[in-house]
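S.K.: The residues making up each chain are set out below.
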Amino acid sequence: MKKVILKRFLNAIPLLFIISIIAFLLIKLAPGDPIQSFVTPDMNPDDVERMRKSLGLDQPIYMQYILWLQNILTGNFGYSIITKRPVLDMIIERIPATLGLMGASLLLSLIIAIPLGMITAVKKNTIFDRIANFFAYIGISIPGFWFGLMLIYVFSLQLGLLPSMGMRTVGTDSIWDVMKHGILPATVLAFQNISVYMRYIRSSTIRQLDEDYVQIQYAYGASKRHVLFNHVLRNVLLPVITIIGLSIPNLVGGAFITETVFSWPGLGLLGVTSIFSFDYPVIMAITLFSSVMLILGNLIADILYSVVDPRIRLRG
Amino acid sequence: MTKDFLSDRLFSCENSGLGDFSALLGGNCKKMKKKLTGFTMLLLTLFLVLAACSNDKDTTDEGKNESAGQEKDGGTLTVAVSDNPQVMNPLYANDRITLTVQQALYAPLYFMEEGGEKNFILAESFEPSEDQKTWTLKLKENLKWHDGEPITADDLVYTFESILDENQNSSIRGSLIFNGEPLKVEKVDDLTVDLILPQVSAAFEGVLVDFFPIPKHVFENETDLMQSELNQNPIGSGPFKFKEYKSDEYIVLERFDEYFAGKPKLDQIVYRIVKDPNTANISLQNGEVNMRLVEPQDAQKLEGTGKLNLHTFPEGRLFYLAFNLESKAVQNKELRQAVAHAIDKEEMIQAAFVSDEFADPAASIFTPDTMYHTEDITTYNYNQDTAKKLLEEGGIEEGHTLKVIYANNNKIMESLALYTQQKLQEIGLKVDLTPMDPSAYGQKTLDMAATDYDISYGGYIMGSEPDVYKTLFQSDAAYNYGRYKNAEFDQLWEDAAVEVDKDAREALYKDIQETVAEDVPYLPLAYPQAILAVDKRFGGIDEAKPIPVTMVEDLSKIYEVE
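First to last, the protein sequences are chains A and B. For what it's worth, the numbering used here labels the leading residue of the first sequence as 11, then goes sequentially. For what it's worth, the numbering used here labels the leading residue of the second sequence as 2, then goes sequentially.
There may be inaccurate statements among the hints.
[Unchecked claim] Within a straight-line C-alpha distance of at most 25 Å, the following computed DSS-like cross-link-like pairs (lysine-lysine) qualify:
| id | chain 1 | residue 1 | chain 2 | residue 2 |
| --- | --- | --- | --- | --- |
| 1 | B | K334 | B | K486 |
| 2 | B | K445 | A | K63 |
| 3 | B | K217 | A | K94 |
| 4 | B | K329 | B | K390 |
| 5 | B | K445 | A | K38 |
| 6 | B | K73 | B | K558 |
| 7 | B | K558 | B | K244 |
| 8 | B | K486 | B | K511 |
| 9 | B | K302 | B | K145 |
| 10 | B | K139 | B | K119 |
| 11 | B | K244 | A | K94 |
| 12 | B | K389 | B | K431 |
| 13 | A | K94 | B | K247 |
| 14 | A | K190 | B | K247 |
| 15 | B | K445 | B | K334 |
| 16 | B | K329 | B | K389 |
| 17 | B | K334 | B | K404 |
| 18 | B | K145 | B | K188 |
[To be verified] What the simulated footprint calls covered on chain B by chain A, stretch by stretch (three residues with Cβ under 8 Å from a Cβ of chain A suffice, anywhere in the stretch; the number is not a length):
| id | segment |
| --- | --- |
| 19 | 80-89 |
| 20 | 163-174 |
| 21 | 244-257 |
| 22 | 269-275 |
| 23 | 438-445 |
If you are wondering where the hints come from, they were derived from the structure by calculation, not from laboratory data. Beta carbons: idealized from backbone N, C-alpha and C, even for Gly.
Chain A on its own, in the form it takes in the complex (with noise of 0.2 Å):
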């Protein structure tokens, strides 16, 4: 196994240097510059250059590349060009808004998605079936933005009973009043992900129903509710385990929508302001953060697999 690890450590190199060149290329075939933050008309087109030179943004591509990779594997992410700070402190100081929200609302659409997936599963087509499926094509039509911004005018404007906006009270610092900010932008990202779940875990439900070992169980007499909880559920769970394994790079990374429209100051939010204003280095480094985190979340989620499920192994 731990050669097998090693080997996929290794093979994600390259994928990851690839993807740096994609990216980087593709922020810099973008129309747009990020000077345009800097200039103002009255400079003389002297002080313009000298500033570009300043940055770096005077090299071509290729050069500016090689800068930013060189700087990269000494463990330096560099310097923002809007904010001046460096680049690794901005993501860091992200990480627990971003990890807070995505966990919770990881979290709740499991809690809510695994039985509601088992139910409809055992009571398959009929009107329960019907409705919650419903919903869920509800969830995943109705889009992010819009789902927000109804829910903050119905429990921020009209119920005045959620804060509309941002992380927490400026001058608070409690775990409660920042649950508080969080209860809305959860609830928008669980509703997407509970439909996607409940689809999910109900097919792969009624696949263990037709299994020989359901069939038995009920031959010899076992409760329904038995068979469901101690014997179908384990089998169920194998493909959550997937949708944690991918999620993580989403845990990290952030939610690009639902965290503009919430002012919820995390890593996706991060990501639009630096791409809007060509902050290359920023954009890059998130863009590396979250190509890592997803060949690490697959790792994991292929570990754990084989560590539940004995019959699966994993192959390098």
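We have chain A; now place chain B onto it with these hints.
M.R.: The following block gives chain B in isolation, referenced to the frame of chain A:
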């Protein structure tokens, strides 16, 4: 004074949302209906009913609650801004958000009032010598930085020298260079400096409006002022001092008790960074935010809540239509004049700005707050017959095609473009509309060799000093959106910059405005109003004086009502 010149960038922050919330419920739903099922519509109706019910209650409760209470000592004002500040150092501040925060954090030497009168803040006096080349700047006594150190002539000298230092890349360096020669600074005594100009400059007083001294004792040992970590914790001279900044969350400023012009009334100013304009409007209604610049489309609805006072004031911006004179299709002057006659500016304002309350028709390229702005120039009344006759005189054939481009994230530009299209078609021209990605649009309009479009739109805020405008109009200027090349016209700008006689200068700037009006490389469209929505629980806004870009001039005057 070229603060938020890149108007597309500004607009991209504020207009990129979904637009009006009610439009979302009403208008845009139609599009969505096809996608959504009946049940969602039911859900929607539920939301709507809920909304309608409680809305009624709100307006009747709050309607009586006019702001007529007693002035209170203390309190917190929360202002919504759309983005993070960039580098919190006056040497580098040039975006709207940083300038807004800076307005509370730093005090300028003086404000320039309408009519060119100086309202001295840090400065005690500012007088030129006989030959107009040496200006003596004297500070008031007993001024203090936020850390208690005195503000002296050393700080002034240090600030001027830092701006002029090429290695510091200050964004205002260009304004202290005159014909390639830098300004010289000499300390006279602890409170006085002499500023020596290499040549006479009529614009100099206007340039220093944007000058905010920085503390020498803080920055002395820093090699790179732009990259300096000290900018994370700025020490200023204004009515409020820095307390805390959390990126993408908020900036907290605290009252500076020793502010020389009197203790500010509020305890705290909080700038909350709210990215989504719809969310920001809701926060304004439920009191999480107390002050924000709003769009014309939202103004009426916000006023209807009864919780907010709207202050409208000239934004100091001009919306214009620019002809690309590199393109053959618009090189004919009669054609450009015909376009001017074909557009009914009053009607256009209704279309783009909701009501004539929120914009005035424009004739001059100078905004009304700019010195020497005049109305006494060639204007083009709305007349389709005159327009058609001009087209005939110019030899323009029926169906002559004009390519119009605009930024697709800017609602106002879009309305202007659609309106122009309709009106030009009515006089027999053909119009191709191309919405573009905002960055691509920005690049295209600044690409001086581009010939593949004829008309673009924009809006600039240039401030009170007319000399600054030349970066938009001289033949080889980087921002010559019209690609207007006219040697005589270039010379007028140069002459006006060094003319110290007020009447002669006025005449030169009148010539300049008339040249553009007559030759129409640009067609000025409208001077929009800025709309500042303020919670009724706060007063003193008029004393604080609403101004373009930074919302208000002097935050120390705002107070909370008991």
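S.K.: Each of the hints needs a verdict: does it hold here or not?
M.R.: Evaluation of the provided hints:
1. B:K334 / B:K486: Measuring from Cα to Cα gives roughly 14 Å; hence the hint holds.
2. B:K445 / A:K63: At roughly 23 Å apart (the allowed maximum being 25 Å), K63 (chain A) and K445 (chain B) satisfy the hint.
3. B:K217 / A:K94: 21 Å, holds
4. B:K329 / B:K390: It holds: about 20 Å lies between the C-alpha atoms, which stays within 25 Å.
5. B:K445 / A:K38: 16 Å, holds
6. B:K73 / B:K558: Holds. K73 (chain B) to K558 (chain B) sits at ~12 Å (cutoff 25 Å).
7. B:K558 / B:K244: Holds, because 20 Å separates the two Cα atoms, which is no more than 25 Å.
8. B:K486 / B:K511: Answer holds: K486 (chain B) to K511 (chain B) is near 19 Å, not above 25 Å.
9. B:K302 / B:K145: Violated, because 44 Å separates the two Cα atoms, which is more than 25 Å.
10. B:K139 / B:K119: Distance of about 14 Å is within 25 Å: holds.
11. B:K244 / A:K94: 20 Å, holds
12. B:K389 / B:K431: 13 Å, holds
13. A:K94 / B:K247: 15 Å, holds
14. A:K190 / B:K247: Since the Cα atoms of K190 (chain A) and K247 (chain B) sit roughly 19 Å apart, the hinted pair holds (cutoff 25 Å).
15. B:K445 / B:K334: Roughly 23 Å separates the two Cα atoms, so the pair holds.
16. B:K329 / B:K389: 20 Å, holds
17. B:K334 / B:K404: 17 Å, holds
18. B:K145 / B:K188: It holds: about 19 Å lies between the C-alpha atoms, which stays within 25 Å.
19. 80-89: Coverage by chain A holds here, the residue count being 4 at a Cβ distance below 8 Å.
20. 163-174: As far as the segment 163-174 of chain B goes, the hint holds, because 5 residues have Cβ atoms under 8 Å from chain A.
21. 244-257: holds (count 6)
22. 269-275: holds (count 4)
23. 438-445: As far as the segment 438-445 of chain B goes, the hint holds, because 5 residues have Cβ atoms under 8 Å from chain A.
The structure does not agree with numbered hint 9 stated previously, though it agrees with all others.
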